[in-house]
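Assemble chain P onto chain Z, guided by the hints.
Chains as they are written, first to last, in the working numbering: chain Z, 2 to 192; chain P, 2 to 192.
The set of hints was computed from the structure by calculation and includes no laboratory data. We put the beta carbon where it would ideally sit given N, CA and C, even for glycine. Check each hint, because a few of them may be wrong.
Stated by the list, open to error - In silico negatives: residues of chain Z with every beta carbon more than 10 Å from chain P:
#	residue
1	D68
2	P124
3	A185
4	V188
Said to hold, decoys possible - With a straight-line cut-off of 30 Å between C-alpha atoms, the simulated DSSO-like cross-links for lysine-lysine are:
#	chain 1	residue 1	chain 2	residue 2
5	Z	K4	P	K54
6	P	K190	Z	K54
7	Z	K159	P	K54
8	P	K4	Z	K54
9	P	K159	Z	K54
10	Z	K190	P	K54
11	P	K190	P	K25
12	Z	K4	Z	K159
13	P	K4	P	K190
Below are the chains, spelled out letter by letter.
There are 2 protein chains.
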Amino acid sequence: MQKVYLAGPDVFLPDAAEIGRRKKELCAGYGFEGLFPFDNEIDPTVSGEDTDKLIYRANERMIRRADLGICNLTPFRGVHADAGTVFELGMLVGLGKRVFGYTNVADDLLARCQRLDRATFDPVQRLWRDANAMTVENFGNADNLMIDNALIDRGGHKMVRHAAPRDRVFHDLTAFETCLRLAAEAVSKSA
Amino acid sequence: MQKVYLAGPDVFLPDAAEIGRRKKELCAGYGFEGLFPFDNEIDPTVSGEDTDKLIYRANERMIRRADLGICNLTPFRGVHADAGTVFELGMLVGLGKRVFGYTNVADDLLARCQRLDRATFDPVQRLWRDANAMTVENFGNADNLMIDNALIDRGGHKMVRHAAPRDRVFHDLTAFETCLRLAAEAVSKSA
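Isolated chain Z, as found in the complex (with noise of 0.2 Å):
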């Protein structure tokens, strides 16, 4: 059975268990292992190590152990994906893994930008920019040119995005079975 690496900041919600044994469930109807990085969380009394550092070691022995990701690519705290997320999605690319992401949030980076962060177009150089004058790539696609092409490349899909009710954005779990769905084809496909 292929195991998924299920990263997102899914593990920072107060009911991130629960969110995490429904992910399991529902990877288990499309014949995987579902991997949630909330079950590494450590027993701090247990070890003399500091706990985020045995955290961090558990998470990228999962990783490794994985045969896939899946990344929930909502963004978060702005208008970017999670930095931890997204750092796993970069290992999971580096390690040669199969990956697949979602947003629940369904517009471009550069729509967040212009609603959330003052972009405003500069008509000399033509091209937008932020707050803080740096430039806001306008290529459609929903975050950092890296990530959303990083998931066409090593997983064949674009990100899926589907705009989930605003008070379901972490919870909501449409575009999660979306990318399980397209994950088995492809591992049916390739076995």
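Positioned in the frame of chain Z, the structure of chain P alone reads:
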């Protein structure tokens, strides 16, 4: 000569080419060849392929060619590091390269979440939550624990933190040069 991949949101600056030139000059002073992703800028008129895909592939090739990476992890569009840079840090780690990182904002992730994302203390669970009730890590790290600990495990050093003047946050190269010094020491030790 060892090659250093220069990851960072520097590529989005109006004077990106000039910053790249200065970083490569500093690299040369420490015996490194600097690889700056902006040099991969693609002329969209010469190819039928999507520009963003060509940039992705050129950056990925550059990362694979590098012996190590120095990542500018200064907070970008919010409390976390730039998503593209974090992706590249993950890829460098997955590929087994040595990594170093710096930030030009000296405070902890928690302090930034308190200041910018209305983080409050949950007295029942005894942890900090951001405006969306998502847990804020409180390990004294500069960013997500995956980022800080990847640098320690795969480069041997904590993220270099430097309180740059407010108007120099994306231009100050003090901490970048500290990373170069640490990288040069590491390379000479393992030679």
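Hint-by-hint comparison with the structure:
Every CB of chain P lies more than 10 Å from the CB of Z/D68, the least distance being 14 Å, so the non-interface label holds. Distance check on Z/P124: its Cβ is at least 14 Å (rounded) from any Cβ of chain P, clearing the 10 Å threshold; non-interface status holds. Every CB of chain P lies more than 10 Å from the CB of Z/A185, the least distance being 24 Å, so the non-interface label holds. Every CB of chain P lies more than 10 Å from the CB of Z/V188, the least distance being 21 Å, so the non-interface label holds.
At most 30 Å may separate the alpha-carbon atoms for a hinted pair to count; Z/K4 and P/K54 meet this at roughly 28 Å. Taking the CA atoms of P/K190 and Z/K54, the gap is near 24 Å; set against the 30 Å cutoff, the hint holds. Between the alpha carbons of Z/K159 and P/K54 the distance comes to roughly 12 Å, so the proposed pair stays at or under 30 Å and holds. Proximity of P/K4 to Z/K54 is assessed by CA-CA distance (about 28 Å); at most 30 Å being required, the pair is judged to hold.
Of the pairs offered as hints, the one joining P/K159 and Z/K54 holds, with about 12 Å between alpha carbons and a cut-off of 30 Å not exceeded. A hinted pair counts as satisfied when its Cα atoms are at most 30 Å apart, and Z/K190 with P/K54 qualifies at roughly 24 Å. About 22 Å separates the Cα atoms of P/K190 and P/K25, which keeps this hinted pair within 30 Å; it holds. A distance of roughly 21 Å separates the Cα atoms of Z/K4 and Z/K159; the hinted pair therefore holds under the 30 Å criterion.
Note on P/K4 and P/K190: the hinted pairing holds, with a Cα-Cα distance of about 17 Å set against a maximum of 30 Å.
The earlier numbered hints are all upheld by this structure, with none contradicted.
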